[in-house]
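Residues per chain are reported as follows:
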Amino acid sequence: MTDLTDLGIRDIRDGVRAGTFSAREVAEAFTAAVAAAKPLNAFLVETPEHALAAADAADAARAAGEAPGPLAGVPIGMKDLFCTKGVPSTAASHILEGFTPEYESTVSQKLWDAGAGMLGKLNMDQFAMGSSNETSYFGNVVSPWRRADGGNAPLAPGGSSGGSSAAVAARIAPGATGTDTGGSIRQPAAFTGISGIKPTYGRCSRWGVVAFASSLDQAGPMARDVRDCAIMLEAMAGFDPKDATSLDLEVPRWEAGLNASLKGKRVGIPKEYRVDNMPAEIDALWQRGIDWLRDAGAEVVEVSLPHTRYALPAYYIIAPAEASSNLARYDGVRYGLRDLPDGANLQEMYARTRAEGFGDEVKRRILIGTYVLSAGFYDAYYTQAQKVRTLIARDFERAWERCDVLLTPTAPSAAFALGEKSDPLAMYLNDVFTVPSSLAGLPAMSVPGGVDTGGLPLGLQIIGKPLDEQGVLDAALAIEERAGFVARPGRWW
Amino acid sequence: MSVDIATVRRIAGLARIAITEEEAERLSPELGNILDWIEQLGEVDTAGVEPMTAVIPNRLRLRDDVVTDGGIRESVLANAPQAEHGFFTVPKVIE
Chain F
1 MTDLTDLGIR DIRDGVRAGT FSAREVAEAF TAAVAAAKPL NAFLVETPEH ALAAADAADA
61 ARAAGEAPGP LAGVPIGMKD LFCTKGVPST AASHILEGFT PEYESTVSQK LWDAGAGMLG
121 KLNMDQFAMG SSNETSYFGN VVSPWRRADG GNAPLAPGGS SGGSSAAVAA RIAPGATGTD
181 TGGSIRQPAA FTGISGIKPT YGRCSRWGVV AFASSLDQAG PMARDVRDCA IMLEAMAGFD
241 PKDATSLDLE VPRWEAGLNA SLKGKRVGIP KEYRVDNMPA EIDALWQRGI DWLRDAGAEV
301 VEVSLPHTRY ALPAYYIIAP AEASSNLARY DGVRYGLRDL PDGANLQEMY ARTRAEGFGD
361 EVKRRILIGT YVLSAGFYDA YYTQAQKVRT LIARDFERAW ERCDVLLTPT APSAAFALGE
421 KSDPLAMYLN DVFTVPSSLA GLPAMSVPGG VDTGGLPLGL QIIGKPLDEQ GVLDAALAIE
481 ERAGFVARPG RWW
Chain Z
1 MSVDIATVRR IAGLARIAIT EEEAERLSPE LGNILDWIEQ LGEVDTAGVE PMTAVIPNRL
61 RLRDDVVTDG GIRESVLANA PQAEHGFFTV PKVIE
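Protein sequences appear in the order of chains F and Z.
Here the first sequence is numbered in my numbering, starting from 1 and rising by one per residue.
Here the second sequence is numbered in my numbering, starting from 1 and rising by one per residue.
Excised from the complex, chain F in its bound form (with noise of 0.2 Å):
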């Protein structure tokens, strides 16, 4: 018998509902792989029980000939910024250890609403804040790839939905939900070779999830492929009334809509995403990219988008502006981490406990967040970044007037060593392609495109136009049936 824990969302899903074997093997496959993974530090949270649960429930409905849920028997990998009811999410933070919901995100009640089972809480950067998983307070992801030429040297598992990218390569969950506030379900999914879409923002409810910058934030799904993608984010999506800026739209049938011939289709290739200092690796792969599109029947043209060498600047005034207003919450009155010494007043409790509570990162967005709302700087700063947020928005709806999707790189590199980037600011740049798509609110894919010199995957970048999941999912499959990407990292854990 197959392993199945070889097997995707799509062929767990048909395997169960054809009764090729039952949603229990499967949910006792992937739980003890969860369970004999530990060195990935991937979970920070296992809930054998709760996937079980939900497979014994998929399985009874079978034999009760009861209609299956569109994920009956699919257990998945939870982000710990998603609030689950009774399990504890901490959002891989020290100020909110020990926090147990009472009450289950929309997207998680979703997917279980739609059958799937939950291995457990997955660990991430620290509050959704960090592209390499460091600055987690729980030890960061160890990503399961390792260089092919005989180094062991740890890699980043990309960030911040870096537990899931980790565990959906390493074959220990089929599929992981994300979140992307600048691309931290794309730039994970191309560390580690595997696809990710972030959708429209406003088409999966943020009601429930730990929120970072509530204007960028969106969650989506990571998983081994396309249409495991499409899947999942069927049952993720919808409209919701406890979000304020959720769409009230019906969600498409992604899935059955997948058409992976482009013709009459255009795709622009955007010439100021041709930075500096690119690896020649990276800007090969971009030109596979280009033939295989327009092996697909697509005509390929040049656009340009002006403002994009301004967008990681925008993005780090607007996100950590957000990020201080929504953490200024963690306060140790309500909910986690209370530091109290003793004669200290409110004041200091407040200010000792975000110490003790918040990680470098969390605070350094904050302070920055902090100092450019502060008086006198509101105008120059923020505003200033909102404007440029508009123009932005606006070179895209320029580009969409000559093309369909944009094609790039995911991230500007392969997945580079734990530790190799201390520098901040070096860090923020692997978000150089993803986040002008944040900025604009558009549905962003990635997809493994093939592996550089050293092995490691490299991800190729769909960008659509406002509720175009269905045309992103559609290039992304086109590229995905020609990468032929079969790599896979060799199991050292």
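Hints are not guaranteed to be accurate.
[Unchecked claim] Cβ-to-Cβ under 10 Å is the rule here; a few derived chain Z residues that face chain F:
#1 ILE11
#2 ALA18
#3 GLU22
#4 ASN58
[As the list claims (entries may be wrong)] Output of the computed footprint for chain F on chain Z, the stretches with three or more beta carbons under 8 Å from beta carbons of chain F:
#5 23-34
#6 41-53
#7 72-79
Rather than coming from a laboratory, the hints here were simulated on the basis of the structure.
Just so you know, even glycine gets a beta-carbon here, dropped at the ideal spot from N, CA and C.
Position chain Z relative to chain F; hints supplied.
Just chain Z now, with coordinates in the frame of chain F:
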């Protein structure tokens, strides 16, 4: 753009984060470098450009003015570091 130690202390105070002298000294150049880098936004001509308020056009909804939850005091207090008599408790704030 340099961020001096006094400014770091002032910002940390506004953000309600206690910092030590060593942290303030470390943060001063760190924040300065980041702010230097984001200063480049100043060179963009934004005359006549409206600041972004919503990335995807979406009308803010109104709902009926009715009670939609409540009666969950125990749940609200369940994660409190300290709760007494059905309330969150904090150090004394009034002498």
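Hints and how they fare:
1. At a threshold of 10 Å, the smallest CB-CB gap from Z:ILE11 to chain F is about 5 Å, leaving the interface hint in force.
2. For the restraint placing Z:ALA18 at the interface with chain F, the shortest Cβ-Cβ distance is roughly 4 Å, inside the 10 Å limit, so the hint holds.
3. Contact between Z:GLU22 and chain F, as hinted, is not supported at the beta carbon level, the nearest pair being about 13 Å apart and thus beyond 10 Å.
4. Against a cut-off of 10 Å between C-beta atoms, the interface hint on Z:ASN58 holds, since the closest Cβ of chain F lies about 6 Å away.
5. For the segment 23-34 of chain Z, the stated coverage by chain F holds: 5 residues have a C-beta nearer than 8 Å to a C-beta of that chain, and at least 3 were required.
6. Counting residues of the segment 41-53 of chain Z whose CB falls under 8 Å from any CB of chain F gives 9; the rule of at least 3 is met.
7. Here's how the segment 72-79 of chain Z fares: 5 of its residues keep a CB closer than 8 Å to some CB of chain F, so the rule of at least three is met and the hint holds.
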